[in-house]
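Q: Listed below are the residues making up each chain.
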Amino acid sequence: MARKKLETLTEQMYYVLLSLWGEPRHGYGIMQYVSELTRGRVSIGAGTLYALLGRFEKEELIVLTDAEEGKKSYQLTAQGRQVLQDEQTRLRQQAEDGARILEGRMEK
Amino acid sequence: MKKRWGFFPYRSLRYKAAQAYLDRKATQGWELKGIHLGYLACFERTKTPQHFVDLVPWGSPTREASDDYLALCGDAGWEYIQSLRGMLLFRAAEGAHPVPLQSDQEIEWDQFWEVNRPRLRNTVVLLLALALMATVLLISPPSAWKVSDYLMNNGSLALLLFWGLSLVLAILDSRNSKRYLARCREMGRVEAPGRLGILLDHGEALQRLIVLPLLALILIGGLLSPAVELRSSPFEAESSATVEACGAYPVVRGYDLGFPDTERGYSRYLTQKRSLLANCYDYSELLPQTESAGTIILTTERYDCAGEALAQWLLNQRRRETAGGAFLWGELDWQEAPRLGFEESYTCQEGSYLLVRQGKVVALVGCSGTDLTTAEHLTIVRERLGL
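Protein chains in written order, with our numbering: chain A, 1 to 108; chain B, 1 to 387.
Errors might be hidden in some of the hints.
What the hints assert, rightly or not - Here are the computed lysine to aspartate or glutamate pairs in the EDC-like style, where the Cα-Cα straight-line distance is at most 16 Å:
hint : chain 1 : residue 1 : chain 2 : residue 2
1    : B       : 360       : B       : 321
2    : A       : 58        : B       : 110
3    : A       : 72        : B       : 67
4    : A       : 58        : A       : 23
Treat the hints as calculated values from the structure; they're not laboratory data.
Looking at chain B on its own, in the form it has when it is part of the complex (with noise of 0.2 Å):
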């Protein structure tokens, strides 16, 4: 039997636009079979066929009322396909040429917005909930936060994609449900939704469809071979021999500022994370104690960004995240420094720490206790940082 496929992408809600699909492919001479996988919906050649797509009855969500409900469209001549989105599917049984199932466009309206009305409440309910947590989160952001982190991540950027498309849908979603059911309401019927309702709904299931298992795979992806170059070494001897292999990557290390050789017994530590905005490199490294300064921490953070606008904006941003604290730092009350010779520079606790911006490359480098401002260490982090 030759078949053909659809997609088939209608919620209840606009129901009648897949009503319309159906009454289209049936004037082809396509009888639907079934949905697969909640979208696809596969056709077969049949004479004469004839769909109905009704709403689940409203107030007989028993198992028994559905029984019931379905055995009387059977009588009526009506082969129940299947339930999808709380819709029912049905065709004409075979040589069956039956009544409409909705014969009465008061009673079947009274049905849609029993049906609609708890949905249409719930989604604005959903809309003030996403509206407050965003206002909470804009007025008072958890400290924690390193909104930079997020972005130098593939996995985070496709979330945040995902939810801001989820979140646009949703908002069109329940500008246009409010006013086709208003539409509705004045007609006192079932109307046929408009192009972009039905746009909505094709939306909605491509997200689902393509965008989500997408995510997944990103998300998996970043699980199962992270984008991450490793180079770590705990507080043990025998496994601190990254310092040579740290020397390959633009990060400053305490060799380089003069320290002497921490081959041994000091903890390093090196990430590399790529994301389609910016390749972002991260190095901490515990020097030996220091009668003045204690055990120093040394750090790089570098960011080689996909534009200079995003460095800019990076730039401030890790300044804002650090100004107030961050581990092992301490509050950075970052002052501006010109002098220093990059197109963007800050300092802060007497020159130990340094944020500087370079074309595309945004650069954090502290070292507690050690001047980075003077001319031999700056040439020193120019040197190995590329700058």
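Just chain A, with the same shape it has in the complex (with noise of 0.2 Å):
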């Protein structure tokens, strides 16, 4: 079922996000950029792209800056930096969470 206006994102929605942080890129340059940062450990479909960065316009998380030769580029917007953000904020706690269980540091 469909997100409703991006509470939270999945892993291939943040890195996507992640990846226009600091510069407009285009969807091929995404894909490449993704992949690189995660060594490999997380590949986004051309097909997964297109829909996302859809989605992620008309929520007016991004906004295109660029179509040359029709090579799309995009950019975040402070909304889309807001979210992205705030999923850096619920994924840090969710980690820190984990941490106190798993590595023992939660008081019984």
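Given two chains presented individually in distinct reference frames, assemble the corresponding complex, making use of the accompanying hints.
A: Right under this line is the structure:
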């Protein structure tokens, strides 16, 4: 089922937004960047990326900056940055919660 | 280059079945080159072939959007083959080992649901419309309908069969699609479709590939060389020499009943229709006017049915159809007349009309103003109709 207003991000959503944090990128550039960033652990399919870019643009998390030679480039909007930061906070808290349990740091 | 052909009946709702089929072919070393005539897949031998079947991306029906998407796929190492029934078919570019086009099951499911939800709704609307039409026709059939006419025509039978088959497929498909979508929704991803669904895709494809052309052939055949032997004469003396020809057929002529030989000046009409279910003769003749009865209309319908049960049904059908009124006859209020000596027999209008069944033969004979139930006339009728 569709996520409402992108309250949480899937791993692939997260990395697509992350790839646009610094500079605008076009579709294939995003795929390459994510693969390099994760050392090949995360690969984004073109179909998935296309769908995500469409959805992010609709939700105004990214904006089209350039469309040269049929290649569209996107960059994050302020709203997109906020969503990514919120997700980062959520993931950090999640990781910390996990660490407290798994590394025995939680008081019994 | 060695080629191999395969059957590709899949529709977008079950595109995972299409993917599974192409994956099987790829493991055997066959790469898809294209789909011909909508259903025939052509493969060629290639090293390590790889395919991907995707849906046409939702919300992007424009040419520009398609170009964007295909360009992105191309950059990613996927070579576009063609689009087919809402699916996009890709193969890996030579030497490339690209990442599958869909790498997030949740996103893929969203796309699948967006594409197929309206399709499912359309199917339900279609089924409701068909059900409504069928109900209306059953409750109040058009008065001009003569069901027997449809059964005596191979084209009509083929059409009936086609529509019946289409309806059954549509109903099964609708039920199966609903269940499949519910299962996918529950799992939150696009599941592999069940066997029935795949069979339904095969059924629909076969229907289009075989039944439709066959139906067209039957209809064209029926139009070009009708199984109808026509002996017809309009109201022109010079073309009314068909009375003798009509004598060769099992119909009752005015001449047989003792009316003056009407070789000239009157209209006569004979058709023969053949179908898988019956052989039917339909004869009409206008006899000279008399003071008491005016113009006399003589009619014979004779049906040689494929079976006795069909003959029984047809007799009752014609009884119902003519009771409400028929062309030139008025309403025929049939009364059972077992004394006439046929297996089933009805008569009306003081014996002017006879409707009888003997074995697999049904006959309707009418001659306004003449009592056909007299012993003399019944003998003639039996003799002429071969009953």
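Q: Look at each hint and say if it fits the structure.
A: Tested hints:
Between the alpha carbons of residue 360/B and residue 321/B the distance comes to roughly 20 Å, so the proposed pair goes past 16 Å and is violated. For the hint pairing residue 58/A with residue 110/B, the CA-to-CA distance comes to about 15 Å; that is within 16 Å, so the pair holds. With a CA separation close to 11 Å, the supplied pair residue 72/A and residue 67/B stays within the 16 Å bound. Distance check on the hinted pair: residue 58/A and residue 23/A sit about 20 Å apart at the alpha-carbon level, beyond 16 Å; violated.
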